[in-house]
Every structure is written in C-alpha cells, then in structure tokens.
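Peer 1: Sequence:
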Amino acid sequence: MDTTDTITADEKLRTALADGVDRWKPRVEALARDIHRFKELSFEEVRSAEAITALLAEAGFEVERGSGGLPTAFTASAGSGELTVALCVEYDALPGIGHACGHNLIAGASVAAALALQPYVDQLGITLKAIGTPAEEHGGGKALMLERGAFDGVGLALMVHPVQDGVTYNPAGTSAQAVGRYKAIFTGKAAHAAAAPHLGVNAADAAVLSQVAIGLLRQQIPSDHRVACYVAEAGHVTNIIPEKAVVEFECRAFTMPEFEALLERVRRCFEGAATATGTTLVFEDTEPLYEPLIQDNELAAHWTAAMDAFGKDTSPAAGLSGGSTDMGNISQVIPSLHPWLSIPGADVPIHSHAFAALADTPPAYGVMFEAGTALAWTVAAAATTPTQRQRFTHAAYRRRTLTQEGAS
Numbered sequence: 256m257d258t259t260d261t262i263t264a265d266e267k268l269r270t271a272l273a274d275g276v277d278r279w280k281p282r283v284e285a286l287a288r289d290i291h292r293f294k295e296l297s298f299e300e301v302r303s304a305e306a307i308t309a310l311l312a313e314a315g316f317e318v319e320r321g322s323g324g325l326p327t328a329f330t331a332s333a334g335s336g337e338l339t340v341a342l343c344v345e346y347d348a349l350p351g352i353g354h355a356c357g358h359n360l361i362a363g364a365s366v367a368a369a370l371a372l373q374p375y376v377d378q379l380g381i382t383l384k385a386i387g388t389p390a391e392e393h394g395g396g397k398a399l400m401l402e403r404g405a406f407d408g409v410g411l412a413l414m415v416h417p418v419q420d421g422v423t424y425n426p427a428g429t430s431a432q433a434v435g436r437y438k439a440i441f442t443g444k445a446a447h448a449a450a451a452p453h454l455g456v457n458a459a460d461a462a463v464l465s466q467v468a469i470g471l472l473r474q475q476i477p478s479d480h481r482v483a484c485y486v487a488e489a490g491h492v493t494n495i496i497p498e499k500a501v502v503e504f505e506c507r508a509f510t511m512p513e514f515e516a517l518l519e520r521v522r523r524c525f526e527g528a529a530t531a532t533g534t535t536l537v538f539e540d541t542e543p544l545y546e547p548l549i550q551d552n553e554l555a556a557h558w559t560a561a562m563d564a565f566g567k568d569t570s571p572a573a574g575l576s577g578g579s580t581d582m583g584n585i586s587q588v589i590p591s592l593h594p595w596l597s598i599p600g601a602d603v604p605i606h607s608h609a610f611a612a613l614a615d616t617p618p619a620y621g622v623m624f625e626a627g628t629a630l631a632w633t634v635a636a637a638a639t640t641p642t643q644r645q646r647f648t649h650a651a652y653r654r655r656t657l658t659q660e661g662a663s
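Quick note on numbering: the sequence shown equals residues 256 to 663 in this note's numbering.
Some hints could be false.
[To be verified] Taking lysine to aspartate or glutamate and the EDC-like style, the derived pairs with C-alpha atoms no more than 20 Å apart in a straight line are:
1. Lys438 - Glu498
2. Lys499 - Glu539
3. Lys438 - Glu542
4. Lys567 - Asp602
5. Lys438 - Glu392
6. Lys438 - Glu539
7. Lys438 - Glu402
8. Lys438 - Asp540
9. Lys267 - Asp563
10. Lys438 - Glu526
Don't read these hints as lab results, they were simulated from the structure.
Assemble the whole structure, with the sequences as input and the hints as a guide.
Peer 2: Structure, rendered in structure tokens:
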C-alpha cells in the first residue's frame with residue numbers, strides 16, 4: 256500500500272471523527288450539564304443512566320440495561336468486529352458536594368467518543384461498547400461488573416478523568432493507588448457512667464486509641480502510602496459507657512504487596528487498642544478492593560499524540576499520588592487507558608465544592624470534547640495498527656475461562 260495513501264486515509268478518518276464529535280456537541284453538553292445537575296450518588300444514578308442510554312439508543316446503539324446485575328449500569332453496543340473496545344462511562348456524584356470529581360465530564364467524553372465512532376465501527380472492524388459503570392466513588396461498580404462478566408471479551412478499555420489545572424496530559428508512567436475500605440467494630444460492656452463505670456468496658460476508648468496509634472504509625476510509613484479513618488459510632492449518651500464503637504478506615508498504596516503490608520500494620524493498631532481496653536474486635540470489608548491502575552503504553556502514546564495536536568502539555572509525568580479508581584481492576588486484566596484531563600483555571604483540588612462548580616463551566620466542557628475526540632482517535636489508531644490490533648484482540652478478557660482453569 257502506498258504510504259501517502261495510508262497517511263491520507265488516516266487523516267481523513269481523524270477529521271471525520273472530530274467532525275462527529277462536533278456534530279453531537281450540543282446534545283452531549285446538555286447531557287453532561289444534566290448529569291451535573293442530577294448529582295446522583297453511587298448506585299442511585301437512575302436519571303443519569305436513563306439520560307445517557309436514551310441518547311445512545313437514539314444514535315443507533317443496542318442498549319442493555321442492568322449490566323452485571325447493577326440496576327444503574329448499562330452496555331450500549333455497536334458493530335460486530337473481532338476487536339471489542341470498551342469506553343467506560345462514569346456518572347456518580349459525591350455526598351454533599353455533587354460532581355466534585357467531574358464524573359459528568361467523564362460521561363460526556365466517553366459518550367462523545369462513542370457517538371463519533373459509531374458510524375465507523377464496520378470500517379474499523381470493531382465491536383464498540385459504551386459501558387455505564389456506576390458507583391466509582393463508593394461501591395466499586397467496575398470491580399463488580401468485571402467479576403460478573405460485563406467486560407468479557409473486551410480487548411481494550413478507555414476513559415478519562417478530570418483533575419486540577421497544571422497536570423500533564425501525558426498518562427505514561429502515571430498510576431493510581433490500590434485502596435481497601437473497612438470497618439473496625441469494637442464491642443465492650445455497657446455500664447452506668449457515674450454509678451458503676453468500673454464495671455463497663457469502653458468501646459469508645461478503643462476507637463480513640465486506635466486513631467492515636469494510626470496517627471503515630473503515619474510517621475513510619477512511606478510518603479506515598481495513605482491511611483484515613485473516622486469514628487462512625489462511639490456511644491449515644493453520656494451516662495452509659497459505650498458498648499460499641501465503629502471506626503471506618505481505608506488504606507492506599509501503589510502496589511499490592513505494599514498495600515497488604517500497610518493493611519497489616521493498620522490492623523495491628525486496632526488489635527492493640529482492643530487488647531488495651533479489653534474489647535473484642537471484628538473487621539468487615541465495606542467495599543470491593545480497588546486495585547492499582549496500569550496505563551497501557553501504546554494507548555498512552557496514541558492519546559499523547561492526540562493531545563499534542565490540541566497543543567496540550569504532554570511533558571513526562573512523575574506519577575500521581577493520592578487517588579484510586581476501580582478502573583484499576585479493569586487495567587489489571589485488560590489493556591487500559593485512564594489519562595488525566597487538566598481543567599483550565601481549576602486551581603483547586605478535586606473533591607471540593609469549588610471543583611464541582613468548575614466541572615460545569617465552558618472551559619471544562621471544552622476539554623471534555625477534546626478528550627472525546629482524543630479517545631476516538633486513540634481507538635481508531637489502535638484498531639488500524641496491525642501489531643496493536645492483534646495484541647488487543649488476543650488480550651480479550653475471558654473471565655469464565657480463567658475461573659474454570661482456577662477451579663480445575
């Protein structure tokens with residue numbers, strides 16, 4: 256094949272995909288604004304899921320609702336090619352502060368890319384899936400959907416995530432931490448706090464001691480490890496020695512061995528507090544484990560080239576600390592891309608009221624559409640590069656096969 260013709264064909268496809276994003280801009284921006292306004296919490300994203308699936312169905316996607324047994328999840332499919340591509344769509348908000356993580360922008364970027372790619376699925380030889388993944392903030396929607404087969408057959412998975420201004424658009428070498436969330440439940444013995452305090456066993460004291468121990472532990476852990484906790488329950492009235500106390504906590508680290516070692520040290524803090532106070536202690540998992548994020552280097556290179564075309568900062572990144580995503584679980588078994596989308600003028604951290612406000616502004620929607628175009632270009636480049644296409648096709652996730660092999 257003549258090289259000039261190949262380049263011209265690639266350029267024509269990129270132009271067509273960019274034009275496709277442009278055509279859908281009014282509808283997708285309205286969708287993203289609606290999601291921002293709905294600000295529905297994890298597993299409660301009823302209106303958001305309905306709005307997204309209605310638009311995708313209108314565009315010709317075949318929509319399956321309730322994917323993975325989650326009522327607010329969905330899978331919208333187009334095409335029947337050998338290579339299956341998943342664009343992950345997030346749309347849950349945070350309690351009290353709404354879309355302070357910009358999931359309305361994540362949804363908009365993935366939906367824009369899906370709408371632009373849909374007319375070209377046969378040309379690209381792909382099966383395109385826009386997979387609605389609820390409960391990223393709390394609940395691990397992707398982890399649950401992965402376990403239940405919603406990603407079976409997927410060869411590559413992509414999404415973006417907004418962050419504050421000044422973060423490079425080059426995702427190579429970046430990651431996100433593993434995070435596990437738990438409850439430590441102390442049980443003591445109730446007694447009258449004035450008449451017979453010596454007959455009580457104070458569970459609230461155990462909760463306090465555990466937090467002191469964890470606070471001291473933080474001096475001796477690596478700087479990129481994180482432990483957060485709060486007392487969820489520790490008595491209800493002052494004249495009863497608290498019989499029960501609950502501390503909710505989470506641990507984060509960039510590798511699973513580091514995470515497991517950190518979790519063990521934190522558990523010892525709780526166990527020591529229980530021993531010191533004479534309480535009993537039980538641990539409970541509160542959410543699925545979020546695993547570390549792995550960026551696929553070839554997908555990252557396509558994305559970075561696209562962002563270069565938009566004049567973005569694509570300088571090498573040293574990595575990101577202090578965050579986690581259930582996209583990590585996907586990336587452990589499927590080649591994945593999860594680049595960071597720097598919002599112009601956002602000089603405030605995510606998970607703040609100020610960032611929630613910025614996620615519903617023209618600059619935010621501007622980069623959302625650039626991200627949608629870049630996602631579409633990345634998919635097209637991966638699908639039309641023979642060696643990469645072969646790798647991603649062979650990488651298709653086969654959960655059932657793995658499960659059967661593990662049981663044999």
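Peer 1: Take the hints in turn and mark each one as holding or not.
Peer 2: Each hint, compared with the structure:
no.	hint	result
1	Lys438 - Glu498	16 Å, holds
2	Lys499 - Glu539	15 Å, holds
3	Lys438 - Glu542	10 Å, holds
4	Lys567 - Asp602	17 Å, holds
5	Lys438 - Glu392	17 Å, holds
6	Lys438 - Glu539	5 Å, holds
7	Lys438 - Glu402	23 Å, violated
8	Lys438 - Asp540	6 Å, holds
9	Lys267 - Asp563	18 Å, holds
10	Lys438 - Glu526	13 Å, holds
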